[in-house]
Amino acid sequence: MKLVLIHPPAKTVVEKKDIPDYQHIGLGYLASYLENAGIEVKVIDAKLERLSLEKVVEMTLIERPDVIGITAMTHEINQASETAIDIKKHVKAALFVVGGVHVTALPIETLSTYNVFDFGVIGEGELTLYELVEALSQRKRDFSNIDGIVYRNGSSIMVNKERSWIQDLDSLPFPAWHHFPKATVYRINTARGCPFPCVFCMRASGKTQRIRSPENVVSEMEYVIKERKPEEFKFSDETFTLNKNHVNKICDLLIEKNLHKEIKWVPTTRVDVVSFELLDKMKSAGCCGIEFGVESGNEKVLRTTRKNIYLDQARQAIFFAKKVGLHTAAAFILGHPNETFDTAYDTINFAAQLNPDVLQLGIMVPYPGTEVAKMAERGEGGYKILSNNWSDYNKQLGNALELDCLSRADLERLQLIGYLKLFVFNNRFLGLLRFIFFYRLEMCSYIKNVFSRNKKGARNSVITFCKTVQLIVDRRIN
Numbered sequence: 181m182k183l184v185l186i187h188p189p190a191k192t193v194v195e196k197k198d199i200p201d202y203q204h205i206g207l208g209y210l211a212s213y214l215e216n217a218g219i220e221v222k223v224i225d226a227k228l229e230r231l232s233l234e235k236v237v238e239m240t241l242i243e244r245p246d247v248i249g250i251t252a253m254t255h256e257i258n259q260a261s262e263t264a265i266d267i268k269k270h271v272k273a274a275l276f277v278v279g280g281v282h283v284t285a286l287p288i289e290t291l292s293t294y295n296v297f298d299f300g301v302i303g304e305g306e307l308t309l310y311e312l313v314e315a316l317s318q319r320k321r322d323f324s325n326i327d328g329i330v331y332r333n334g335s336s337i338m339v340n341k342e343r344s345w346i347q348d349l350d351s352l353p354f355p356a357w358h359h360f361p362k363a364t365v366y367r368i369n370t371a372r373g374c375p376f377p378c379v380f381c382m383r384a385s386g387k388t389q390r391i392r393s394p395e396n397v398v399s400e401m402e403y404v405i406k407e408r409k410p411e412e413f414k415f416s417d418e419t420f421t422l423n424k425n426h427v428n429k430i431c432d433l434l435i436e437k438n439l440h441k442e443i444k445w446v447p448t449t450r451v452d453v454v455s456f457e458l459l460d461k462m463k464s465a466g467c468c469g470i471e472f473g474v475e476s477g478n479e480k481v482l483r484t485t486r487k488n489i490y491l492d493q494a495r496q497a498i499f500f501a502k503k504v505g506l507h508t509a510a511a512f513i514l515g516h517p518n519e520t521f522d523t524a525y526d527t528i529n530f531a532a533q534l535n536p537d538v539l540q541l542g543i544m545v546p547y548p549g550t551e552v553a554k555m556a557e558r559g560e561g562g563y564k565i566l567s568n569n570w571s572d573y574n575k576q577l578g579n580a581l582e583l584d585c586l587s588r589a590d591l592e593r594l595q596l597i598g599y600l601k602l603f604v605f606n607n608r609f610l611g612l613l614r615f616i617f618f619y620r621l622e623m624c625s626y627i628k629n630v631f632s633r634n635k636k637g638a639r640n641s642v643i644t645f646c647k648t649v650q651l652i653v654d655r656r657i658n
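Converting from the sequence shown to our numbering requires adding 180 to each position, the first position being numbered 1.
Worth flagging that the hints you see were computed from the coordinates, not collected in a lab. Model, not experiment: these values are computed from the prediction. The reader is advised that the hints may include incorrect statements.
In silico lysine-lysine, DSS-like type, Cα no more than 30 Å apart, as pairs [what the hints assert, rightly or not]:
#1 K387 to K406
#2 K235 to K268
#3 K272 to K222
#4 K268 to K191
#5 K387 to K414
#6 K272 to K320
#7 K320 to K414
#8 K480 to K554
#9 K414 to K235
#10 K502 to K554
#11 K362 to K182
#12 K564 to K554
#13 K424 to K341
#14 K441 to K424
#15 K362 to K480
#16 K441 to K429
#17 K429 to K463
#18 K362 to K406
#19 K341 to K222
#20 K564 to K502
The task is simple: from the sequences and hints, build the whole structure.
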């Protein structure tokens, strides 16, 4: 039994920033787990390698696989289906399995809509995919005892019971990075799961945090440093500093083994689970930056979205991080439930006041499985769904929804204004020039879209935009 695991290609790739500079860690875990069980695996990370659909098909045909697994987030599911359809034209006997957060959130809908897929893996895939492959290799036709799958049974689609989360994460082998080309950044999970109930997140890895031992984490880092020579590690846990004792032990081991002198690393976390002492310890252990999820600059919005942090906590976290010498990034969202111009401007102003080194200002997407998606479907929260095309479900350039008080065009303008104010308000004009150059194609597309809607609306949009920029320059928006 031979498998090919695929991260599907991007629909269009214009510039390097359009694709990730790190490998798909989920496929890495699947490949290592299956290989340890004696199953032959080939990984094709089309996004990392910037492969065309035609090249992916060609590489897959060379392998002559029995099973083809394709991972997909919501905005990738159409491309995943297109990839499978093109491969199936040439490998008719192969079975197709889809995994990832989209099928996890919508198992029946995914197989109903995308007929090319024979199976779907729901949730964590290591053990589930192994059991499925074993059943297929034994030519079994009854899959009812495999937890965590959706599959076709004649004209019906069956969903089995959920698989329990893997509790002993140390039992998993390290990701099979030898299947990927070398990259500058390597992702590491020190934990899976998140206990915080934010309405815009489906918590695909579970509602409690499961941690790896510090020894296991650092052992993986040693292995990757030796074999792959990375420039940086990115800890991709939802909330790296939730367990401070765990973080301290990881830092102690990195220092003890002198790894803090060899490599830099960046985690993601919340502003309410850090302290000056912890950040200082992380800095001494090789941490070079930190990413905070702040989400809004309005206290009421932070309550209604169940983010449950306070603005003073965000101010303090950014201040502490800068004080110890960490590069800072802060993520915000425009378009929260019942968002208004006033609350959106609160976010824009607060982001500029925090002045992180990097600002991530996304537009709300009603991802399947989230409370926001359920609200939008019911017409609550002031939401109106604009598109049922999953390819539009992208938080930066998507077109999924708008609000009663904020049209899609309004949200796009606010997004651009938010970025501009960060630079102008803080006299970061070199940063502004870099931003304009980096996103020049998107900005041209934005201007084109504004004018293409209608001439009167375009004129008003430009006038409003220019007035707002002038206010920013004059610093009358505080």
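Here is how each hint holds up against the structure:
Between K387 and K406, the direct Cα distance comes to roughly 34 Å. Violation of the 30 Å bound is thereby established for this hinted pair. Annotation: proposed proximity of K235 to K268 holds, straight-line Cα distance about 14 Å (limit 30 Å). Between K272 and K222, the direct Cα distance comes to roughly 19 Å. Compliance with the 30 Å bound is thereby established for this hinted pair. About 19 Å separates the Cα atoms of K268 and K191, which keeps this hinted pair within 30 Å; it holds.
In summary, the hint linking K387 to K414 is supported, as the alpha carbons are separated by about 22 Å, within the 30 Å threshold. The straight-line distance between the Cα atoms of K272 and K320 is roughly 19 Å, inside the 30 Å bound, and the hint therefore holds. Only pairs whose Cα atoms come within 30 Å are accepted, and K320 paired with K414 is rejected, the gap being roughly 41 Å. For the given pair, K480 sits about 21 Å from K554 by alpha-carbon distance, which is consistent with the 30 Å threshold.
Restraint check for K414 and K235: satisfied, since their Cα atoms lie roughly 29 Å apart, inside the 30 Å limit. For the hint pairing K502 with K554, the CA-to-CA distance comes to about 38 Å; that exceeds 30 Å, so the pair is violated. Using a Cα cut-off of 30 Å, the hinted pair K362 and K182 holds, with the two alpha carbons roughly 24 Å apart. For the proposed pair K564 and K554, the alpha carbon gap of about 12 Å is at most 30 Å, so the pair holds.
Restraint check for K424 and K341: not satisfied, since their Cα atoms lie roughly 34 Å apart, outside the 30 Å limit. Our distance criterion of 30 Å between C-alpha atoms is met by K441 and K424, whose separation comes to about 22 Å. Between the alpha carbons of K362 and K480 the distance comes to roughly 45 Å, so the proposed pair goes past 30 Å and is violated. As the CA atoms of K441 and K429 are separated by approximately 17 Å, the hinted pair is consistent with the 30 Å bound.
Our distance criterion of 30 Å between C-alpha atoms is met by K429 and K463, whose separation comes to about 14 Å. A hinted pair counts as satisfied when its Cα atoms are at most 30 Å apart, and K362 with K406 qualifies at roughly 12 Å. Restraint check: the Cα-Cα separation between K341 and K222 comes to about 29 Å, which is no more than 30 Å; the hinted pair holds. Distance hint between K564 and K502 is unfulfilled; the C-alpha atoms sit about 39 Å from each other, more than 30 Å.
Consistency with the previously given hints fails for numbers 1, 7, 10, 13, 15, 20, ordered from lowest to highest.
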